[in-house]
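Asker: What follows is each chain in one-letter form.
Protein chains: 2
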Amino acid sequence: MFHAKIVVTLRKSILDPQGKAVEHGIHSLGYKNAKNVRIGKFVEMKVEASSKQEAERIVQEACQKLLANPVMEDFTFTLEEVHAQKAHV
Amino acid sequence: MFHAKIVVTLRKSILDPQGKAVEHGIHSLGYKNAKNVRIGKFVEMKVEASSKQEAERIVQEACQKLLANPVMEDFTFTLEEVHAQKAHV
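Chains as they are written, first to last, in the numbering used here: chain S, 539 to 627; chain X, 539 to 627.
Any given hint might turn out to be false.
Since the list gives no way to pick one copy over another, a pair counts as held whenever it fits inside one copy or between any two copies.
[Claimed, not checked] Taking lysine-lysine and the DSBU-like style, the derived pairs with C-alpha atoms no more than 30 Å apart in a straight line are:
| id | residue 1 | residue 2 |
| --- | --- | --- |
| 1 | Lys603 | Lys590 |
| 2 | Lys558 | Lys543 |
| 3 | Lys550 | Lys570 |
| 4 | Lys570 | Lys590 |
| 5 | Lys584 | Lys573 |
| 6 | Lys573 | Lys543 |
| 7 | Lys570 | Lys558 |
| 8 | Lys603 | Lys570 |
| 9 | Lys584 | Lys558 |
| 10 | Lys558 | Lys590 |
| 11 | Lys603 | Lys543 |
Worth flagging that the hints you see were computed from the coordinates, not collected in a lab.
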């Protein structure tokens with residue numbers, strides 16, 4: 539089993555009004571030295587697969603078809619092998 | 539200048555209906571072996587600070603005060619030093 543951590547971000551060329559709003563919020567808190575705030579999505583999931591390659595394929599396809607908008611967003615992910623917990627431990 | 543990448547996730551004990559909806563979506567695409575889907579927020583920003591410690595403090599406080607809900611969410615972040623681009627390059 540693999541633990542996938544996926545980050546979906548807006549492409550650099552796309553305006554990010556949500557990020558701008560958060561940036562204003564951070565400035566209002568007094569932290570004027572934060573800038574270029576951009577917001578993305580974070581998705582984590584467990585993937586049952588026999589190999590890392592297969593898990594990679596599943597996550598990649600899920601991102602392309604569902605999680606990320608290919609016109610406006612990019613995605614990156616990491617996969618980490620985890621061992622399923624036994625039922626009686 | 540530092541580039542901060544922040545991930546805000548719902549605590550494990552909190553139900554995540556958005557994650558459940560995405561999980562159903564992934565299953566409908568035919569990937570039955572994805573499970574425990576959970577959705578979080580990803581925030582990236584540039585922080586102008588004289589030291590990594592100072593940047594860390596700013597990001598930590600911004601997370602605690604604005605980006606994460608301390609009752610329901612956890613956050614982690616990474617900081618990477620970047621060199622500001624010169625104006626005429």
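Asker: So, for every hint listed, does it hold in this structure?
Answerer: Checked hints:
For the homomeric pair lysine 603 and lysine 590, the shortest alpha-carbon distance inside one copy (20 Å) is at most 30 Å, but the shortest distance between copies (38 Å) is not. In this homomeric assembly, lysine 558 and lysine 543 come within 30 Å of each other (Cα to Cα) both inside a single copy, at 25 Å, and across copies, at 16 Å. Taking the shortest alpha-carbon separations for lysine 550 and lysine 570, only the intra-copy value of 22 Å comes in at or below 30 Å, while the best inter-copy value is 33 Å. Taking the shortest alpha-carbon separations for lysine 570 and lysine 590, only the inter-copy value of 17 Å comes in at or below 30 Å, while the best intra-copy value is 43 Å.
Taking the closest pair of Cα atoms, lysine 584 and lysine 573 come within 30 Å of each other only across two copies (5 Å); inside a single copy the shortest separation is 34 Å, beyond that limit. Proximity of lysine 573 and lysine 543 under a CA criterion of 30 Å is satisfied in both settings, with 25 Å inside one chain copy and 13 Å between copies. In this homomeric assembly, lysine 570 and lysine 558 come within 30 Å of each other (Cα to Cα) only inside a single copy, at 13 Å, whereas the closest approach across copies is 38 Å. Taking CA atoms no more than 30 Å apart as the test, lysine 603 paired with lysine 570 passes between copies only; the shortest distance there is 15 Å, against 39 Å inside one copy.
Only between protomers do lysine 584 and lysine 558 lie at most 30 Å apart by alpha-carbon distance; the minimum there is 13 Å, versus 33 Å within a single protomer. Taking the shortest Cα distances, lysine 558 and lysine 590 sit within 30 Å of each other only across copies (24 Å), while inside one copy they are farther apart (38 Å). In this assembly of identical chains, lysine 603 and lysine 543 lie within 30 Å of each other by CA distance both inside one copy and across copies; the values are 17 Å within and 25 Å between.
Every hint from the earlier list agrees with this structure, and none is contradicted.
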